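S.K.: Chain D: place on chain Y using the hints.
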Amino acid sequence: MKKLLLGDEAIAQGAIDAGLSGVYAYPGTPSTEITEYIQNNAPAIRSRWCTNEKTAMEAALGMSYAGKRALVCMKHVGMNVCADAFVNSAITGVNGGLVVLAADDPSMHSSQNEQDSRFYAQFALIPVFEPSNQQQAYDMVQKAFDFSEKIGLPVLLRVVTRLAHSRAAVETGKSGSQNTLNPASDRGWVLLPAIAKRQYVKLIEKQPALQEASEATASCQTYGDSSKFLGIIACGIGYNYVMESVAAMGKSANCSVLRINQYPLPETAIKELAAKSSALLVVEDGQPIVEQSVKAYVNTDYKIYGRLNGVLPRTGELTPDSVASAMVNCGVSSDISSTLPSQVYETAQNLQPRPPQLCPGCGHRDVYAALNKVAAEYPTARIFGDIGCYTLGALPPFSALASCVDMGASITMAKGAADAGLFPAIAVIGDSTFTHSGMTGLLDAVNDKSNITVIISDNLTTAMTGGQQSAGTSKFEAICAGLGVEKEHLHVVVPLPANLPEIEKIIRKEIEYKGVSVIIPRRECMQTLKRHSKK
Amino acid sequence: MKKDIILCGVGGQGILSIATVIGEAATKAGLNLKQAEVHGMSQRGGDVQSNLRLSNEPIWSDLIPQGAADIIISMEPMEALRYVPYLHKGSQIITASKPFVNIPKYPEESVIKAELESFPNVSILDVEELAQKAGSARSTNMVLLGAAAKHMELLSIDQILNAVEVIFKAKGPEVVELNKKAVKLGYESQN
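Here the protein sequences line up with chains Y and D, keeping their order. Using our numbering, the first residue of the first sequence is number 1, and each one after it goes up by one. Using our numbering, the first residue of the second sequence is number 1, and each one after it goes up by one.
FYI, nobody ran anything at the bench for these hints, they're computed from the structure. Bear in mind that the values here come from a model prediction, so they are computed numbers and not experimental data. Backbone N, C-alpha and C fix where the C-beta goes; we use that ideal spot for every residue, glycine too. Treat the hints with caution; some may be incorrect.
Under the rule of at most 30 Å between Cα atoms (straight-line distance), these lysine-lysine pairs were calculated in the DSS-like manner [what the hints assert, rightly or not]:
| id | chain 1 | residue 1 | chain 2 | residue 2 |
| --- | --- | --- | --- | --- |
| 1 | D | Lys169 | Y | Lys534 |
| 2 | Y | Lys534 | Y | Lys373 |
| 3 | D | Lys2 | Y | Lys534 |
| 4 | Y | Lys534 | D | Lys89 |
Which bits of chain Y does chain D cover? Going by a derived footprint, with three or more residues having C-beta under 8 Å, they are [claimed, not checked]:
| id | segment |
| --- | --- |
| 5 | 319-325 |
| 6 | 333-346 |
Bound-form chain Y, shown alone (with noise of 0.2 Å):
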């Protein structure tokens, strides 16, 4: 049967459609629609969002432990939490196939960086798998958990933005049935030393299988007849770019396109392309990971074109504008004029930029009037901001933010500054970011007893993402207290323009207090409750 999905939602019935038994996910953009699909469209399977990406990675290992087969989801930066149980699951192995999904966000569309997560892989000494399209994505994760049981080890799917939130026809099959429950019993999961030795050197072992199986998925295709021309690796979506380039320009085009979708690289298939070709450019979105590994492949003086030669850019995802201008530099066709689409009009003359900005009505908008009111009495004050809507707080008309870095950073970074002297050092931080990453700075803080205010902007869902569900909805007082919060400085408030004179008397209050003080300012999102409101 053909669906339209989108890369995401491929994914998901791919993996519904692969007999799987649990997904574990934190919500993150580009790949919460992974959980969400799979949430509505097979309630059968174990799917409550997780409060972090590293519990997610480990709960999944579990189920793999057990048997069955598991997915963890997240964006590329939830990476960077789950590291620990990620780069260890390489080294116990699997039971159940489990596959790790990361999904990049070249260009920072919704993130911080652009770290590519193909260098975890690599890191990790695992597999990766990176469709070009949604069918392809659809189809490697049934490939994704077969490999994944018969290799032994995890398996990262790798998607970028472009992947993830792009619609196209899939093809969908019919659904394999769940793994029965069989517990691992080998002494291979319980990493001390000794075994952690053994274990490591077993994949290592693995590594020449894992590359065989990449040579295997490689495949070389010619465009044109010359003699001897440009050699293509085309990684992952990368490869659809080439290719729009290669359909324009028919007959002209003269290039041999290595299409790479597994890794490690296959690095016959490189060598053989590289031996055929003049020279090789070398096309991936994210970071030049490939180009780095096969510049090890070749000579020294071989001309090897990509992100690091500067033939394309080194930030930012890849289009088909600077794949097609980079295949023109280097010789791809002679005639292209007549047969690449190019730029036609300038950027027009009346334009603004249009940046999001909090919704109207949102209680974060209380929070920051009354915040910046209050600072505004202390010249040295800093707010410490976090992930979540509420980071809009940087922009006017508020401006009232000094930093956001990752999940959980605005308590710690305002205890670290508290450390240093600075005064009034305050943190927001919302409900759902606070639960992922923000709770054990809190208890450093209180243990410390740093002279910190710690606003948590509770609008009793994950917002950002579309309004998951947060993991510590009403429990909030109970586990600053249980933290060490003292009671006296744990105060709940309803963020509404009525309330800001009483608002802003406990920040003033809170901010004189030589210790931790936890705000909860509370009311729902705007848009869950136009959803609910409309139910």
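M.R.: Relative to chain Y, chain D alone:
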């Protein structure tokens, strides 16, 4: 034959519903389709766009190259201007006339209109008026869809209307009829 379409507007204006209807019609017609969307932070009142590609040949890139877009469908006049580097000389711009002013330095409406009209094929529509005529002020995006249908070539107006029926079926026959009427009024505006 191919039609590359840029759908744009401000987060929350309903451009993705236009894409959903075209997607349904194209799938039923057996056309190839790719549609790249933007999710996440920009949906909060920022500029949003979707690249929609239709063809009876294979489609490679999910993104439209510069100079290749055949139609811009915009829910907002300044947002239509944001994507003009993607147009070629024969392209069509279809945009709602009413500015969505949520930024301090929004240009004068007349200046935006003049720049839009400097392009060869432009249709600036009072979609609110047509939507009200159809009986539903909320169907402005369907009016635009109807206007675009006139330029779609690969899909007929009947195929679009059938897709509207499928997509809105769950919301009841009344909603289906209102949206179909809005599409028809938009279509007729292009005569």
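S.K.: Now look at each hint and say whether the structure bears it out.
M.R.: For each hint, the structure was consulted:
Proximity of D/Lys169 to Y/Lys534 is assessed by CA-CA distance (about 18 Å); at most 30 Å being required, the pair is judged to hold. A hinted pair counts as satisfied when its Cα atoms are at most 30 Å apart, and Y/Lys534 with Y/Lys373 does not qualify at roughly 35 Å. For the proposed pair D/Lys2 and Y/Lys534, the alpha carbon gap of about 39 Å is over 30 Å, so the pair is violated. Our distance criterion of 30 Å between C-alpha atoms is broken by Y/Lys534 and D/Lys89, whose separation comes to about 45 Å.
Three residues within the 8 Å Cβ limit are the bar, and the segment 319-325 of chain Y against chain D gives 4, so the coverage statement holds. Figure legend: the segment 333-346 of chain Y, annotated as covered by chain D; annotation consistent (7 residues with Cβ-Cβ distances under 8 Å, at least 3 required).
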